[in-house]
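*Asks:* Construct all of the structure, not just a fragment, from the sequences and the given hints.
All residue numbers for the sequence shown refer to the working numbering, where the first residue is 109 and numbers rise by one.
Everything labelled a hint here was simulated from the structure, so no lab data went into it.
Take these hints with a grain of salt, some might be off.
[Unchecked claim] Computed beta-carbon distance windows for the label pairs: (1) Arg284 / Gln522: 45 to 55 Å; (2) Gly163 / Arg404: 18 to 28 Å; (3) Ala442 / Ala242: 18 to 28 Å; (4) Glu541 / Asp299: 52 to 62 Å.
Idealized CB from N, CA, C, for every residue including glycine.
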Amino acid sequence: MNPARASGILLHPTSLPGPHGCGDFGDDALRFVDWLAHAGQRFWQVLPLSPPGPGYSPYMSASTHAGNPMLISTERLEESGLLDSGATAAAAESASLPASPHRADFEAVEPRRLALLRAAAERFFSDDPRFEAARDAFRSWSARESGWLDDYALFKALDGVHDHRSWTLWPVPLARREPAALAVAAREFADECRFWSFVQWQFDVQWQAVRDHARARGIGIIGDLPIYCASHSADTWVDPQLFEFDADRQPTAVAGVPPDYFSATGQLWGNPLYRWPAHAAEGYRWWIARMRSALRHADIVRIDHFRGFAGYWEVPASAQTAVGGCWRRGPGPALFEALRAELGDLPIIAEDLGTITPDVIVLRDTLGLPGMAVLQFAFGGSADNAYLPHNLERDTVVYTGTHDNDTTLGWFAQAPAEERRAVQIYLKTDGHEINWDLIHAASSSVANLAIYPFQDVLGLGSEGRMNLPSVGGAQWRWRFDWDQVVDWHAERLALIGHAHGRPAPRIAV
Numbered sequence: 109m110n111p112a113r114a115s116g117i118l119l120h121p122t123s124l125p126g127p128h129g130c131g132d133f134g135d136d137a138l139r140f141v142d143w144l145a146h147a148g149q150r151f152w153q154v155l156p157l158s159p160p161g162p163g164y165s166p167y168m169s170a171s172t173h174a175g176n177p178m179l180i181s182t183e184r185l186e187e188s189g190l191l192d193s194g195a196t197a198a199a200a201e202s203a204s205l206p207a208s209p210h211r212a213d214f215e216a217v218e219p220r221r222l223a224l225l226r227a228a229a230e231r232f233f234s235d236d237p238r239f240e241a242a243r244d245a246f247r248s249w250s251a252r253e254s255g256w257l258d259d260y261a262l263f264k265a266l267d268g269v270h271d272h273r274s275w276t277l278w279p280v281p282l283a284r285r286e287p288a289a290l291a292v293a294a295r296e297f298a299d300e301c302r303f304w305s306f307v308q309w310q311f312d313v314q315w316q317a318v319r320d321h322a323r324a325r326g327i328g329i330i331g332d333l334p335i336y337c338a339s340h341s342a343d344t345w346v347d348p349q350l351f352e353f354d355a356d357r358q359p360t361a362v363a364g365v366p367p368d369y370f371s372a373t374g375q376l377w378g379n380p381l382y383r384w385p386a387h388a389a390e391g392y393r394w395w396i397a398r399m400r401s402a403l404r405h406a407d408i409v410r411i412d413h414f415r416g417f418a419g420y421w422e423v424p425a426s427a428q429t430a431v432g433g434c435w436r437r438g439p440g441p442a443l444f445e446a447l448r449a450e451l452g453d454l455p456i457i458a459e460d461l462g463t464i465t466p467d468v469i470v471l472r473d474t475l476g477l478p479g480m481a482v483l484q485f486a487f488g489g490s491a492d493n494a495y496l497p498h499n500l501e502r503d504t505v506v507y508t509g510t511h512d513n514d515t516t517l518g519w520f521a522q523a524p525a526e527e528r529r530a531v532q533i534y535l536k537t538d539g540h541e542i543n544w545d546l547i548h549a550a551s552s553s554v555a556n557l558a559i560y561p562f563q564d565v566l567g568l569g570s571e572g573r574m575n576l577p578s579v580g581g582a583q584w585r586w587r588f589d590w591d592q593v594v595d596w597h598a599e600r601l602a603l604i605g606h607a608h609g610r611p612a613p614r615i616a617v
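*Replies:* Listed below in structure tokens is the structure:
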């Protein structure tokens, strides 16, 4: 990772503004990149861009390679002639509009976006000569990505046919991936497979255009790679031998974490666990392919739950909470040695929050990876708290908060009186601008990279929270509106970064 001092903003693309229910890769994404450059920021950090799973969580995806169709801009499809001009607006008018511009309406967005994508695909695969060159590009891209794309497209086709039930409930020949059954299904559902391949191509084309725009303005992308994938996923269907499944392809144990800051009963994630000896026997080829995909979509990759590579919390599949789990040994440095041997130096941020034991620190330091520090976790103990600014190290990424935290204003308002008092003494503040106090503390720290959730820049309270771990319901839905953004936000960030040696990006000419 580039050791130069810099700062950036954490914002998931679904949180971008726009009239169609959730943010996407359209004009507002480009405008946000321009805003980042104006604000002197060098990085845009996003959450996983993969298709969301239950509850629309981006951390429970049906594919570790695919992109979220809801992020595809239908206006861009109109510009390319794949949709009639005004088709996006007409589709929005025919459906109920979102109740609030500050909450993503995924339930309305998803079917509407897929209907427009189907219309675009139908036109694309017609005999229209306007798209002849694009069809050649699509075929070349599909061939290059066939290692995951063909299986994913067939998985999506079969998922729809079987009413989105677990693939373990599909007819046995398909669930067991018998070659003859797969060949018949691929022929029978060829058009549907082609549609899902088209969707992924459009995702890639549009995201790379956003990245090109960012690159020209000196902005790098920090992606997010969840350690686990969903039980009902193309990954588990294709490679069940790499997961802790029984003979019926059912998980014998699932992922989670023990009781922590967020939950007294721990967090029961429910993802299937990896059968690490099987990954090692295959030379970690599954992880190499996964990391290669991640690095195609980002300049730096934050690996979520890095501690799971040293030791992970195993919970019986029948458990109702994560309390009754136990620690198991992870793959350690062998996985990362295999990744480096194939892919070279890895620009990785190790998310090392939560219950951290000495083996996690040893693994992180052995690999030479920067860890994370969250200032909201810094003030609840004594002066030796590792997250206090005076205890940080250069090879660290410091955050005011993360997507799992409350906003800084929300956190401070609900913090115990003793903790608020510690913050006020340490930062020499009365707390009326605590969001900017923490931004200033992060920027002035020795940590090479400082990241601020956009909610903290906007000065939002708990209404701006993105996720509340271990709680179901309407998570991941916060959005901002450009009316909330005023000129002094960017100017103040730029001045803070300049004062602390975090220079503005260089814009290509």
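*Asks:* Any hints from earlier that this structure breaks? Give me their numbers in increasing order, please.
*Replies:* Of the numbered hints given earlier, the structure breaks just one, which is hint 3.
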